[in-house]
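Asker: Sequence:
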Amino acid sequence: MVINGYFELNKDTYENLPIKEHLGHKLISVEPDLLIDLLASFPRIMIRSELASVFSEIESLLIEAAYIDSSENKSYLSFLSTSRENLSLDIIDENNESLPIIFYHQNSLYIKNDIVSEINNSKSILDIEYRV
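Just so we're aligned: 93 in UniProt numbering is position 93 of the sequence shown, and the numbers increase by one with no gaps anywhere.
No lab work stands behind these hints: they were computed from the structure.
In this text the structure is predicted, and so the values were computed from the model without any measurement.
Where a beta carbon is used, it is the ideal one built from N, C-alpha and C, also for glycine.
Below, in silico cross-link-like pairs of lysine-lysine (DSSO-like), each with a Cα-Cα straight-line distance of 30 Å or less: (1) 123 - 11; (2) 74 - 20; (3) 112 - 20; (4) 11 - 26; (5) 74 - 26; (6) 123 - 26; (7) 20 - 123; (8) 112 - 123; (9) 123 - 74; (10) 112 - 26; (11) 11 - 74; (12) 11 - 112.
Simulated restraints, written as ranges between beta carbons of each label pair: (13) 132 - 76: 14 to 24 Å; (14) 83 - 24: 19 to 29 Å; (15) 90 - 13: 13 to 23 Å; (16) 28 - 90: 39 to 49 Å; (17) 93 - 28: 44 to 54 Å; (18) 41 - 61: 12 to 22 Å.
Whenever a hint applies, use it, and build me the whole structure from the sequences.
Answerer: Below, the structure written as structure tokens:
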């Protein structure tokens, strides 16, 4: 479903998301600032807790999460994640201007274009990882 002003994130569309992967954290063996995870049946975004203010409107709806590195030998507990239970909308009015900045509908995560721009322009969110 196309909703004006939002990017629909799922396994079929992630390559078009204008947030570019940057894996500098892997070189020094630390956690990323932002993780876009497409391994589950629905996408999720995880962000380091201290950077979650970019999602201020929905920050209270994010759940605590852990980042486990790809070799599964380190975990970092200071993350917040989108949650389908807290952010799902069953009925969408495409002209509704009161839609949240991020929400789930069916098996996609919708991200407001303003948030995508804010992430791209952030001086704090530097290391971004995709898991597909």
